[in-house]
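**Student:** Please arrange chains Z and R on chain P, whose structure you already have, making use of the hints.
In order, the protein sequence lines correspond to chains P, Z and R. The first sequence lines up with residues 1 to 222 when you count with the working numbering. The second sequence lines up with residues 1001 to 1232 when you count with the working numbering. The third sequence lines up with residues 2001 to 2227 when you count with the working numbering.
Simulated from the structure, these hints should not be mistaken for laboratory data. Note that this is a predicted model, so its numbers are computed, not measured. Certain hints may be false.
[Stated by the list, open to error] No farther apart than 30 Å at their CA atoms in a straight line, the calculated lysine-lysine pairs in the DSBU-like style are these:
(1) R:Lys2069 to Z:Lys1061
(2) Z:Lys1054 to R:Lys2069
(3) Z:Lys1025 to Z:Lys1061
(4) R:Lys2069 to Z:Lys1025
(5) Z:Lys1054 to Z:Lys1025
Chain residues, written in single-letter form:
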Amino acid sequence: MFLRQAWTIAAKDLHSELRTKEAWNASLAFSVVILLLFSFAFDPSSEQVREFSGGLLWMTYAFAGALVLNRSFAREVQNDCLDALIASPVPSAALFTGKALANFAMLFAVELVSLPVLVLFYNIPWSASMFGPMLLVMTLGTWALTVIGTLFSALTVNLRLRELMLPTLVYPMMIPALIAAMTLTTQLLAGDPIGTGLRFLTAFDIIFTLLAVVFVDTVLVG
Amino acid sequence: MNALEIEGVWKYYGDFPALRDVRLKVAPGSTLALLGRNGAGKTTLLRIVAGLSKPSRGSIKIQGAEAREESTRRRIGVLGHGIALYDELSAVENLRLFGRLYGLPDPRKRADEMLERVGLSRVRDGLAREFSRGMRQRLAIGRAFLHDPEVLLLDEPFTALDDRAIAVLQAMIAEMRNRGRTIVMSTHQLREALELASHVALLQRGQIVHAGERTPQMVEDTGWLYRTYGEK
Amino acid sequence: MREKIIIGLALFAGALLAWNMNTIFTALPDELNQGAIYRIIYFHVPANILGMLGFGAGMLLSVGYLTTKDLRYDALAASVTEVALVFASIGLATGSIWARIIWGVWWAWDVRLTSWLVCWLIFGGYLMLRRAVEEPNQRARFAAVVSVLGTVNAYISYKSIEWWNTQHPQPVLSLRNGGGMAPGMEAPIYWNLLALACFAAILVMVRVRQEAFAREIDTLRRMVHAQ
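The shape of chain P in the complex, shown without the other chains:
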């Protein structure tokens, strides 16, 4: 039941997004622009770029992701849809899970497109064996961003300064996950085996998913 309700919410969000493609377009364009800007900042052909390829990638993901995450609950404010959702039999935790799943899917899609752009721009030697581990890191890292971003989207949705408050609150909280994801990705793209960072990401994901599910009702209702 819970999963079915979460799924309905997720499907609605994705359906709406597919119709308008607002967040998708903005997010994708933004990520390509950031990668481009970074390539002016650092010489893409130098060997040292390999060392911060992971960092570059995840910073791009974090910034572009903020656009999607902000939209998550913001789309419910228009027409007072959020009230209708809260008044419905769907528990806050299911509402949160549904939105998080939808956000995850959208973020992941943007990331999948941005990754080849990075590999292209920075001439990163790519081998097929990297694909599996890369997907794993992307999944764990993106879920971390999603969980934090979705919860704080719910928190900041009715605030006057929503666009300002969401990044201010969210980015410091994402730091542990970003550190782990960046390091793992850099190791991966350099051809090294990935190390203990996976443990961090997994722990982060579990802890904050639990915290988010526990607190979301307090945030939405009281």
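**Tutor:** Just chains Z and R, lined up with the frame of chain P:
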């Protein structure tokens, strides 16, 4: 068992009491007109009953159960100030969505029935944002009544409706009443509400200053209630 | 009565601080490796300790609000966190100055300094959030959630930066030079801690009083608007 029991409810904004010791019992099958000036606390009270916010003190029981329980929310219908519809979805998609959220056995069929009922069958595939204001309001009414709620909470429902929407709403409220459902309607448009109501309650500065049956005198002389129980 | 406590504390702390400064600057010799600058530790360490205690206390008080919904918990949580942020700023600044003098860099990416900065950002966000929410109960609720999540996050940040440092070796910044100071030199840290704790207590008391006034003004304003 009462359809609605509000017991000792206080709601504070900061230290300011927007609702003070509100006590109200609504019998099943009655239609309550909740009256009061702007700022009296009608919306605040309805939001608490609908489960959208929690009271600072006191309790709300809907058919004997807590307002926030899932089974309770399944039986409540809410029509608030906003239309609560997704602009980028079509009329039928909106209704099917809420049908699924409310766990209806056949959301598609119910959505079709409701569209017929509110007179939007012909534009069922039109996006909500393309509708005129009156059409959006009728769709919103459809959404609120979709799951055949036993208790209906309507916050100033007649405000800014066009004629066709008013007709649809009155018809649906009348039908609900005839089927023994409970309706709580806040308003300061007295005439339409008082005609439909079986009981009235007057809220003033967060307190219930009068609650009782609707008398013919109230309908004939709509200002009487305020003059008698309200402030000068 | 309250004023008397504040004045009493201030005098006591002031005297303690003065006496301590005397000890620090005149009685103790310069440290072997670091020269005169090591004296900054007598402010850096107490400030950091108070900051951490403050954030931790803020989290507990936030949980207190969430369970009781009593706004006084929130007022105390906000005051304690804000004062802790001040001490965290002092800790960061003194750490940076120390690094500059000893290592020639204004910033060193060692674990403690970096994770302390992350902590500062998290709770800076907490204060910013408080200013963005108008209704007191909602503000208390949101702030409490951020405080709890932020504290958990700060701890995880510390661990992850520690891990990150193992991947990217950094100069090890240690004001204690790996192990300890001569016994006579440690005492002033604790005296300073006491003095600064007294000042912290004063600041918290003043801040809590401010919060109470703000609540009263808010209530009066709502009463006027309800007319």
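**Student:** Hinted pair, alpha-carbon criterion (30 Å max): lysine 2069 of chain R, lysine 1025 of chain Z. Please report holds or violated.
**Tutor:** Given pair lysine 2069 of chain R, lysine 1025 of chain Z holds - Cα atoms ~27 Å apart, limit 30 Å.
**Student:** Take a quick look at whether lysine 2069 of chain R and lysine 1061 of chain Z sit within 30 Å of each other, Cα to Cα.
**Tutor:** holds, 21 Å
**Student:** Verify the proposed pairing of lysine 1025 of chain Z with lysine 1061 of chain Z, using a straight-line Cα cut of 30 Å.
**Tutor:** Holds. Lysine 1025 of chain Z to lysine 1061 of chain Z sits at ~10 Å (cutoff 30 Å).
**Student:** Going straight from one Cα to the other, do lysine 1054 of chain Z and lysine 2069 of chain R come out at no more than 30 Å?
**Tutor:** holds, 11 Å
**Student:** Given the hinted pair lysine 1054 of chain Z and lysine 1025 of chain Z, is their Cα-Cα distance within 30 Å?
**Tutor:** Measuring from Cα to Cα gives roughly 18 Å; hence the hint holds.
Comparing the model with each numbered hint stated earlier shows that all of them hold.
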